[in-house]
Amino acid sequence: MAETINPTERLQEAFGNAIADVSQVQGIPRFRLDKETLPLVAHFVHTHPDLRGSLSLLWAVDHRPREARYELCYLFTLVEQKDWLLLCTDLHGDDRLFRSITPHIHAAKWYEREIRDLFGLIAQGHPDLRRLVRHEHWPKGTHPLKKDFHWDTVLERHQGQHVFRRIEGEGVFEVPVGPIHAGIIEPGHFRFSVAGEPIMQLELHHFWKHRGVEKLFERQRLTTGLSLAERVSGDTTVGHSLAYCQAVEALLGLEVPRRARYLRSLFLELERLHNHLGDVGAICNDTAYALAHAHCSRMKERIMQLNDRLTGSRFLRGVNQIGGAGCDLTAGQLSGLLEETAAIERDFSELESVIFANASLTDRLEATGVLKERTAWDHAVMGLVGRASGIDRDLRRDRPFAAYDEVPVKVALYRYGDVRARLRVRMDEIHESVRLIGEIRRLIPQGPIAVEPAGLPAAGSWALSAVEGWRGEILYVVMAGEEGRIHRCKVRDPSFVNWPAIQWAVLGNIIPDFPLINKSFNLSYAGNDL
Amino acid sequence: MFRIIKKSLKTGVVTGQHPEAGPAEQPVASEARKNAAPFRRSLAVREVDTGSCNACEMEMNALMNPVYDGERFGLHVAASPRHADALVVTGPVTVNMERALKDVYRATPDPKLVIALGDCAVNCGVFKGSYAVTGPVERHIPVDVRIPGCPPRPAEILAALEELRGRLDKTAG
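In order, the protein sequence lines correspond to chains A and B.
For the first sequence, this note's numbering gives the first residue as 1, with consecutive numbering after it.
For the second sequence, this note's numbering gives the first residue as 1, with consecutive numbering after it.
Treat the hints with care, since some could be wrong.
What the hints assert, rightly or not - Listed below are the simulated DSS-like cross-link pairs for lysine-lysine, each with C-alpha atoms no more than 25 Å apart in a straight line:
hint : chain 1 : residue 1 : chain 2 : residue 2
1    : B       : Lys-128   : A       : Lys-146
2    : A       : Lys-147   : A       : Lys-35
3    : A       : Lys-140   : B       : Lys-112
4    : B       : Lys-102   : B       : Lys-112
5    : A       : Lys-147   : A       : Lys-372
6    : B       : Lys-102   : B       : Lys-34
7    : A       : Lys-82    : A       : Lys-410
8    : B       : Lys-34    : B       : Lys-6
9    : A       : Lys-147   : B       : Lys-102
These aren't lab readings, by the way, just hints derived from the structure by calculation.
Can you make the complete structure from the sequences, with help from the hints?
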């Protein structure tokens with residue numbers, strides 16, 4: 001048994017003098033550093049064999065007009081203990097520059113570009129400082145999350161052209177795809193460089209759906225932001241609203257009743273179920289196996305109708321509210337739900353054997369779109385995509401929320417990282433979700449389902465919450481402002497992290513397999529673009 | 001093979017096994033019905049997402065599943081605006097998508113219909129006023145039909161499309 005490592009001691013040993021202040025927020029050790037040492041500490045946390053910190057979130061806060069400073073926060077998940085570690089630094093006065101950590105920590109790449117776009121803070125030494133969220137036609141100097149930028153500013157349109165990375169050489173050509181695609185999907189742009197059929201490079205150009213969600217949150221009160229959280233990514237309604245509720249509850253110091261926590265887990269599993277069922281079908285459909293698609297979309301529809309009957313919303317809108325659950329289920333409804341999900345599982349198991357008996361399907365799925373464990377680790381890939389590449393992380397087990405401390409989860413894990421592995425993770429999670437629904441039904445206690453929020457948090461206090469949605473880890477950082485308003489709400493859908501990884505998974509594959517690979521990731525554009 | 005046949009026999013026909021749509025929130029204008037006259041028998045739609053939360057996309061997808069089976073009403077999803085009779089637009093129009101929407105509209109051959117699907121497309125919903133949103137769909141291109149809801153249920157979408165094409169009249173009277 002290895003001795004337990006205390007990360008705080010490790011860091012103090014190595015950087016004692018540079019650490020200005022160590023504190024605990026919600027049990028997370030927080031180190032305040034000056035901006036010159038922070039990249040060194042971040043590198044240390046990332047590479048030290050005992051810590052192996054993976055960058056989970058990087059966000060900025062504009063503290064003006066209260067204090068003349070910007071704050072940068074780096075959240076790491078330590079791989080062994082599954083604990084969080086937070087590094088913070090300040091940029092005072094007119095200082096707009098900080099040192100990029102991207103050269104050492106690949107996962108920071110998009111975060112730093114995002115911070116530059118939204119706050120005008122520039123990561124020096126970043127290898128790629130093109131615009132990310134603001135497309136090139138936005139006027140110069142528009143940084144929407146700065147406090148002096150009004151939420152309802154009408155933007156002018158300027159001339160500008162996005163410059164893609166280019167590979168030049170004989171026989172190399174580019175294939176642009178999007179933003180409007182052939183199927184019923186969301187807008188995004190993909191630029192392939194190919195020589196013959198295999199993909200040599202893929203570059204993403206996203207953020208077409210940027211709606212200013214984080215700025216809109218700043219207009220809300222803590223208690224009214226929920227309907228916005230539900231609409232960050234429609235297919236993850238429960239995941240996002242739960243993450244938002246948990247953050248606000250931590251700020252208000254609310255203790256959620258036990259029954260409500262069980263209901264939250266139940267709805268989260270229902271959401272996982274209908275999305276996974278849809279995805280299994282869609283992956284099969286992209287190999288032109290329409291039969292499996294038809295069966296899966298039939299089962300998915302069955303769950304959606306079940307959702308509608310139970311809660312009045314096919315997407316489970318309104319099932320979470322601050323302080324508890326928004327709707328209760330009677331014992332009769334619960335046993336009906338159990339019967340229905342068990343029937344769907346039997347139905348699905350039969351289909352599973354049909355799917356795996358199909359050799360030509362297996363041929364398309366195996367060794368297609370391989371995301372190696374090393375690449376996944378470098379990009380801090382999470383959720384089901386990570387679990388298909390050997391990243392053994394699941395918040396339901398590692399940092400139990402809702403009722404998962406009382407209803408433990410068996411985590412599906414595969415190592416091949418190909419489309420088939422991602423399909424297998426989904427299939428295993430479907431069975432696991434049905435089992436969990438049974439467990440929840442067995443253990444759910446009686447009692448109230450919500451407590452009333454009372455009191456207001458101090459301005460400047462903040463809370464972090466994490467939920468394992470069906471795609472992966474959803475993180476919310478909510479910072480309270482004056483009189484119960486929201487000063488800052490950082491939303492991070494797992495899509496934002498997993499999108500860049502797709503650029504590596506497709507290398508060497510042929511363009512006709514791209515839709516299949518993309519489908520097996522099935523990332524949200526809305527949750528990414530915000 | 002036997003497994004597939006067994007599965008198909010056990011499943012049976014599921015088409016039509018969905019709840020009835022409630023009364024429409026916003027009836028289809030008679031002018032829109034006149035515009036839709038050429039598409040009574042078949043309607044090829046191109047779905048354009050200009051900034052939705054993707055729930056509307058999911059419901060459009062559901063429309064084509066075996067339960068709703070939009071195809072039986074002559075509904076097709078076209079892969080390109082050049083093949084489309086109607087554009088179904090979801091979401092508020094974001095600053096970044098504005099030009100793409102106008103391009104798609106120009107690329108769709110006349111005569112054409114524009115259907116604004118969901119609250120966001122009709123009035124921007126919760127995203128109203130944001131710096132990144134330029135307004136509802138009708139600010140940029142003429143809209144024939146509005147199907148409100150967040151998101152509207154597939155049965156409601158189906159009913160609205162049927163009403164638009166005047167196909168409900170036969171049963172109603």
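request  = Starting from Lys-102 of chain B, check that the Cα of Lys-34 of chain B is at most 25 Å away, please.
outcome  = 24 Å, holds
query = Taken at face value, is the distance from the CA of Lys-410 of chain A to the CA of Lys-82 of chain A at most 25 Å?
reply = Holds - the C-alpha atoms of Lys-410 of chain A and Lys-82 of chain A are around 16 Å apart, at most 25 Å.
request  = Mind checking the alpha carbons of Lys-140 of chain A and Lys-112 of chain B for me, to see if they're no more than 25 Å apart?
outcome  = 38 Å, violated
query = Does the alpha-carbon distance linking Lys-147 of chain A and Lys-102 of chain B stay inside the 25 Å limit?
reply = 32 Å, violated
ask   = Do the alpha carbons of Lys-147 of chain A and Lys-372 of chain A lie within 25 Å of each other, as the hint requires?
value = 41 Å, violated
request  = Could you grab the alpha-carbon distance between Lys-102 of chain B and Lys-112 of chain B and see if it respects the 25 Å cut-off?
outcome  = 14 Å, holds
key: Proposed proximity, Lys-35 of chain A with Lys-147 of chain A (alpha carbon, max 25 Å)   = Holds: Lys-147 of chain A and Lys-35 of chain A sit about 22 Å apart, inside 25 Å.
ask   = Are the Cα positions of Lys-128 of chain B and Lys-146 of chain A separated by 25 Å at most?
value = Distance of about 20 Å is within 25 Å: holds.
query = Going straight from one Cα to the other, do Lys-34 of chain B and Lys-6 of chain B come out at no more than 25 Å?
reply = 47 Å, violated
The structure fails hints 3, 5, 8 and 9 (numbered hints given earlier, in ascending order).
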